Amino acid sequence: MIITLLFYSFAAILIIAALGLITSRNPVHSALFLVLAFFQSAMLWLLMEAEFLAVVLLLVYVGAVMVLFLFVVMMLDINMERMREGYTRYMPLGIGVAVVVILEIGNVIWFRSQDLPFLTVPEPHPAGYSNTKELGAVLYTEYVYAFELAAFVLLLAIVAAITLTMRRRPGLKTQNIAEQVAVRREDRVRLVQMESTKDSDQ
Amino acid sequence: MSSLLAYIDSLVALIGLPVVAHYIVLTSIEVMLVILLLMGTVAYFTYAERKVIGYMQNRLGPNRVGWYGLLQPIADTLKMLLKEIIVPSNANPFLFYLAPLLSLLTAFAVWAVVPFSDDFVVADIDAGLLYILALTSMGVYGVIIAGWASNSKYAFLGAMRSAAQIVSYEIAMGFALVGVLMASGSLNLRAIVVAQEGTSVLSWFVWPLFPLFVVYFISGLAETNRSPFDVAEGESEIVAGFHVEYSGMAFGLFFLAEYANMILITALTVIFFFGGWMSPLAGVPGLESSFLAQSSFAWLALKMAFFMFCFLWARATFPRYRYDQIMRLGWKVFLPITFIWIAVEGVMVALEVGPWAA
Numbered sequence: 001m002i003i004t005l006l007f008y009s010f011a012a013i014l015i016i017a018a019l020g021l022i023t024s025r026n027p028v029h030s031a032l033f034l035v036l037a038f039f040q041s042a043m044l045w046l047l048m049e050a051e052f053l054a055v056v057l058l059l060v061y062v063g064a065v066m067v068l069f070l071f072v073v074m075m076l077d078i079n080m081e082r083m084r085e086g087y088t089r090y091m092p093l094g095i096g097v098a099v100v101v102i103l104e105i106g107n108v109i110w111f112r113s114q115d116l117p118f119l120t121v122p123e124p125h126p127a128g129y130s131n132t133k134e135l136g137a138v139l140y141t142e143y144v145y146a147f148e149l150a151a152f153v154l155l156l157a158i159v160a161a162i163t164l165t166m167r168r169r170p171g172l173k174t175q176n177i178a179e180q181v182a183v184r185r186e187d188r189v190r191l192v193q194m195e196s197t198k199d200s201d202q
Numbered sequence: 203m204s205s206l207l208a209y210i211d212s213l214v215a216l217i218g219l220p221v222v223a224h225y226i227v228l229t230s231i232e233v234m235l236v237i238l239l240l241m242g243t244v245a246y247f248t249y250a251e252r253k254v255i256g257y258m259q260n261r262l263g264p265n266r267v268g269w270y271g272l273l274q275p276i277a278d279t280l281k282m283l284l285k286e287i288i289v290p291s292n293a294n295p296f297l298f299y300l301a302p303l304l305s306l307l308t309a310f311a312v313w314a315v316v317p318f319s320d321d322f323v324v325a326d327i328d329a330g331l332l333y334i335l336a337l338t339s340m341g342v343y344g345v346i347i348a349g350w351a352s353n354s355k356y357a358f359l360g361a362m363r364s365a366a367q368i369v370s371y372e373i374a375m376g377f378a379l380v381g382v383l384m385a386s387g388s389l390n391l392r393a394i395v396v397a398q399e400g401t402s403v404l405s406w407f408v409w410p411l412f413p414l415f416v417v418y419f420i421s422g423l424a425e426t427n428r429s430p431f432d433v434a435e436g437e438s439e440i441v442a443g444f445h446v447e448y449s450g451m452a453f454g455l456f457f458l459a460e461y462a463n464m465i466l467i468t469a470l471t472v473i474f475f476f477g478g479w480m481s482p483l484a485g486v487p488g489l490e491s492s493f494l495a496q497s498s499f500a501w502l503a504l505k506m507a508f509f510m511f512c513f514l515w516a517r518a519t520f521p522r523y524r525y526d527q528i529m530r531l532g533w534k535v536f537l538p539i540t541f542i543w544i545a546v547e548g549v550m551v552a553l554e555v556g557p558w559a560a
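In order, the protein sequence lines correspond to chains A and B. Read in order, the letters of the first sequence correspond to residues 1 to 202 in the numbering used here. Read in order, the letters of the second sequence correspond to residues 203 to 560 in the numbering used here.
The following block holds chain B by itself, in its conformation from the complex (with noise of 0.2 Å):
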């Protein structure tokens, strides 16, 4: 990553811009480089989770366009990209247009401060963690607007399911976050996963700080609509939920900020509590000269596709939550586990044992 990096900079040198200039170019360059790869994880992730569920269902998935289906993502971009998109009579049209725009500004934008390996974060900035929680939870506005500006009853019946979800979630999710700060000591990603740096597979949070990546894994899975907590879209109650007026891209955009969440969480999930780019390999007898042992872009890539293949898993597997079991899971179990376990954590801090060791 570094040496392509490095060699984009070169690039850009050549044309001899001034300082300002240059910055820009390079960063909007980064820019393009991290989203590009994250239109692309995305429609894969879509072909991903109909061949999975597919074959979970003992189907076959898609399997017609291109080789194995490998195409069908996208003739699925091609097809939303020529329907028309209709606004309902009586809808705020400014608001109908800003909601998905909303929605896919803030997924995008999180993805900045996500270190990808040691050197290549477009933002490596200061309180990245905060900047995170703030965006993550202002992408419900996106939804928000949307089941209000539609002025139809099933969205708006679907919007305020998710203002509620997502408001429930997030407290448990900031609290499971508030551990991992405790454990790194720092607000900063690339500090988080440096704090992590051991001899081995154990120096990586999700031992001493186990309870707290599921409360934060599952909360995921409900911050970002997912099932067994996609009663924001709850198709067999209220068809499709927030987005159920939408038609073509505008539909296409909430599609992708869904997707581009769900993959976040994965790489939160990882940088927060599996070490990040590190090597699972690092301590094994025999591998410490290899290319396996080293930490790489290719681990976060890896873990990161555990953790999707779970989302899908959870999906295939789980039927979905009642409404009112969804706000007690939230409330009355997953935020006392993170009070009781940072209470855990103060004591572990006191005894200096685990990630607190001297």
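Isolated chain A, as found in the complex (with noise of 0.2 Å):
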């Protein structure tokens, strides 16, 4: 009962957001939009008792790639109206796009969900169940070349993307920290011994 009421709200908070997400027209607000989207999609994985999709949703999502799309959004000068100068002329390719996105959607939640009982609730797991443990006891014996290969997927799309930013600009003023640090004083101080000298001599 509480669980079903709670997942109302949560579906029907999520699809306000999905719609501002597309309908508001400062590029900010959409991306704040984007946020809610995603942690109340992380409050419906909690209710599937999938808390280590649901907290890792949160942890790389909402506290990383979205503070990093923001960052980088709040920075852009976005002129709406030029933006929606060729709104006619590329209709018929969104309106393509979109059919097609539909059908897919429809594909996987209409045909393929025909043989299946409809609204089964699964069942509840026993109190020691641990979501985190299951997951990792699959994705490290099972499908751990699978895991592999992804990850080093994104680390050559990491060093890749490192590469394109790292090119020496002639002229750069660099400081070396090692080299500040292994200075020594006699390298700057000079220590000059002179005859004290009266006011008269001079």
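Everything labelled a hint here was simulated from the structure, so no lab data went into it. Because the structure is a prediction, the values reported are computed rather than measured. Virtual Cβ for every residue (Gly too), placed ideally from N, Cα, C. One or more hints might be untrue.
What the hints assert, rightly or not - So the derived list for chain B, only partly shown, Cβ under 7 Å to chain A, looks like this:
no.	residue
1	L332
2	L335
3	W350
4	A442
Stated by the list, open to error - Ranges of calculated distance between the beta carbons of each label pair, as one might list FRET restraints:
no.	chain 1	residue 1	chain 2	residue 2	range
5	A	L93	B	F520	53 to 59 Å
6	B	V549	A	Y140	16 to 22 Å
7	A	M1	B	V380	17 to 23 Å
8	B	K281	A	K133	30 to 36 Å
9	A	L164	B	V380	50 to 56 Å
10	A	V153	B	R530	48 to 54 Å
11	A	Y140	B	Y225	33 to 39 Å
With the hints as a guide, bring both chains together as one complex.
As structure tokens, then:
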């Protein structure tokens, strides 16, 4: 009863957030709506006892990806007039893509669920059940090669991105921290022995 | 702690509510207890901060309101409550008000999974460590939204700095916690403390995981935007950073959230590396039967107080890092240290030394 109520409220907010994401005119508002949508879907996963996925969704998408997204979006100077210029020109293409996506989603939801019993509530797991442990056990045994491969692809992407930004600009003044730390007094200070003099001598 | 809880439980049972309502009432009382304790600690932590830094700089600190200035935090709170909250023109009022609430919400919600003693924790959930990581990473939204909704360039610059900094240090922090996970074998915070149980201080995780402890604590300083990493405030160059446009209690909420987060970092440092509520005198001969050798909430509080002092000490001693130095430290120093130490831990597990001794 309470679970059902929670589910519908989370789902309703999720749909509202998703609609807000595509309809709001300000890109920062859109990004914030996306954050809300992620949060609500994490809540839905939590209701399905998939706490590891829920928390990781929050940690990765809300905590890191969307922060960087907002970082970029907030700094853009977006002119909505110019953004809308090609609206009618790209309309047919947009409709085409939308139809394909809707068909695919329909395929997954409708045609594949034909044989399944309608609205089955999954059995709740016993108290000692740890979603994290189960997932880890599967991920590091059965799917270990796929998992490592995915990690490798991501690593490759990171290396590629860093290589793109690692360019030497001539004449750029940079610090060499090791050199700064290794500096000794003798390199910088010269002590000069001088006889003391009186004012009258000068 | 447990007797107090049992007492409250029996009191609530007197009303004779149904099971669900009983649970809700009991949990609410527990939450209120934790939050009241936290608010009181925050209030006197600000007082301690001003006193400690005062003495370190050869000043007296607050000494006018009440005996030795002890009522100063209350006077400050009253002042902030009575001040007007000004919304800048052309600011987005909804987001402007939402930002401090978000900061405070995440700062308080994290405490749900923090165990105070062996039998007192509001929510003893299995994935407690992940929950903490997720919520602390959400705290940055308060800062970003505040900076953007204020419609001020200084606030915006502060928000940008804070976002980049928190995202960078979160990674080092997360990897430091991977080391703790490998040592304890559990994501549950209570289980992590219990895993450090042993004959003496030597069974605490700080010894086998010392580099990770250093990385975690310093990342904690950075994550809470404390000096020497407080470029998000950076009063010498960008006025007060993200909260420059906030006045009155709206600013007060940011302040409260920042201090609650600092106390959280100290609590987590103690729980992950210093045996939580375990007594450091447990193995000392001659003290076995005395209360000093018993593990209790007092030990947790004492250890936390030490690390809270370290926060203040760092603020009074270190000059602020330059921005590129902060990034360098996070990505090029801390991250490799955690990688290397996780590998070292792997070797330790294979050789069965330290906490992995069979």
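Do Y140 of chain A and Y225 of chain B keep their Cβ atoms within the hinted range of 33 to 39 Å? Taking Cβ atoms as reference, Y140 of chain A and Y225 of chain B lie about 37 Å apart, which means the hint holds.
Should the hint that V549 of chain B and Y140 of chain A are 16 to 22 Å apart at their CB atoms be regarded as holding? 19 Å, holds
Within 48 to 54 Å or not, the Cβ separation of V153 of chain A and R530 of chain B? The hint (48 to 54 Å, Cβ to Cβ) is violated, given that V153 of chain A and R530 of chain B are roughly 28 Å apart.
Would you say the C-beta atoms of L93 of chain A and F520 of chain B sit inside 53 to 59 Å of each other? 56 Å, holds
Does L332 of chain B meet its interface restraint, that is, does its C-beta lie within less than 7 Å of any C-beta in chain A? With a minimum Cβ separation of about 4 Å from chain A (threshold 7 Å), the hint on L332 of chain B holds.
Taking the least C-beta to C-beta distance, is W350 of chain B closer than 7 Å to chain A? 5 Å, holds
Does the Cβ-Cβ separation between K281 of chain B and K133 of chain A fall within 30 to 36 Å? 51 Å, violated
Okay, M1 of chain A versus V380 of chain B on CB: inside 17 to 23 Å? 39 Å, violated
Starting from the hint 50 to 56 Å, judge whether the C-beta atoms of L164 of chain A and V380 of chain B obey it. Violated - the Cβ-Cβ distance for L164 of chain A and V380 of chain B, about 29 Å, lies outside 50 to 56 Å.
Hint check, L335 of chain B versus chain A [nearest Cβ-Cβ separation less than 7 Å]: 6 Å, holds
Agreement of hint A442 of chain B with chain A interface, Cβ distance less than 7 Å: A442 of chain B check fails; min Cβ-Cβ to chain A is 19 Å, beyond 7 Å.
In this structure, the hints that do not hold are numbers 4, 7, 8, 9, 10, in rising order.
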